[in-house]
Amino acid sequence: KQEVTQIPAALSVPEGENLVLNCSFTDSAIYNLQWFRQDPGKGLTSLLLIQSSQREQTSGRLNASLDKSSGRSTLYIAASQPGDSATYLCAVRSSGNTGKLIFGQGTTLQVKP
Amino acid sequence: KAGVTQTPRYLIKTRGQQVTLSCSPISGHRSVSWYQQTPGQGLQFLFEYFSETQRNKGNFPGRFSGRQFSNSRSEMNVSTLELGDSALYLCASSSGLAGARFTDTQYFGPGTRLTVL
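Line order of the protein sequences matches chains H and L. Quick note: the first sequence uses the numbering used here, first residue 1, plus one each step. Quick note: the second sequence uses the numbering used here, first residue 1, plus one each step.
Just so you know, the hints here were simulated from the structure itself, not pulled from any lab data. Computed from a predicted model, the values in this text were never measured in an experiment. Yeah, the Cβ is synthetic: ideal placement off N, Cα and C, and Gly gets one too. Keep in mind that a hint or two might mislead.
[Claimed, not checked] Which residues of chain L face chain H? A few of them, derived with a C-beta cut under 10 Å, are:
#	residue
1	F60
2	P61
3	G62
4	G84
5	L88
6	F102
[To be verified] Covered by chain H, according to a simulated footprint, are these stretches of chain L (three or more residues, beta-carbon under 8 Å):
#	region
7	47-57
8	67-77
9	105-117
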């Protein structure tokens, strides 16, 4: 059974700092991994999607990497800003005929001005 | 392109009642999935619909049901509401095209906040 873990559960950093969020999964048989952002009480915003054949994806100040063999992904945020404060969720789509996303519990990030 | 829309945004119901939530996917998307989000369990998969057919179902009781219409809009229904059904219900749409079914990006709506009293 696929399980997704995100550490730490919460993180507080000063503005301008570079930071890394971690995501690990137990079964390396995945189609892809997706990073989302969720603001309080809101839906999920897709940030980056990494296919199983890819090593990383970049969008602006965000860079996500995937090491399928070790079951790990990282989301790197450069030059953090207060507007980056949110909960970040990673989700994997496991191989098999289900199509569902399996989510981690998320990392709540606070960027202090 | 308009994003995924969900109505209503907020609902308050009492135990024993039933509720219907609606989701309109991004134009052209044919796959709609539903998820329940609670503080204790996080995000859990409810079901997925494609071309009016349920393709997959998560581990939820039969009180949770859904359907999809020919225009890809989807509804989910929860009957005999329980206090534990209080949650944010999110729907996600994706193209669902053959060959991309498991590789395309899922886009989420803003959710419906259901409170059961």
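Status of the hints after comparison with the structure:
1. At a threshold of 10 Å, the smallest CB-CB gap from F60 of chain L to chain H is about 12 Å, leaving the interface hint violated.
2. A cut of 10 Å between beta carbons decides the hint on P61 of chain L: the least distance to chain H is about 17 Å, and the hint is violated.
3. The beta carbon of G62 of chain L comes no nearer than 18 Å to any beta carbon in chain H, farther than 10 Å, and the hint placing it at the interface is violated.
4. Violation of the interface hint for G84 of chain L is found here, the shortest Cβ-Cβ separation to chain H being roughly 18 Å, above the 10 Å cut-off.
5. Satisfaction of the interface hint for L88 of chain L is found here, the shortest Cβ-Cβ separation to chain H being roughly 8 Å, below the 10 Å cut-off.
6. Proximity of F102 of chain L to chain H holds as hinted, the smallest CB-CB distance being about 4 Å (cut-off 10 Å).
7. Residue count for the region 47-57 of chain L with a Cβ under 8 Å from a Cβ of chain H: 3. That meets the three needed, and the coverage hint holds.
8. Counting residues of the region 67-77 of chain L whose CB lies closer than 8 Å to any CB of chain H gives 0, which falls below the minimum of 3, so the coverage claim is violated.
9. Remark: the region 105-117 of chain L is confirmed as covered by chain H, as 8 of its residues place a Cβ nearer than 8 Å to a Cβ of that chain, reaching the required three.
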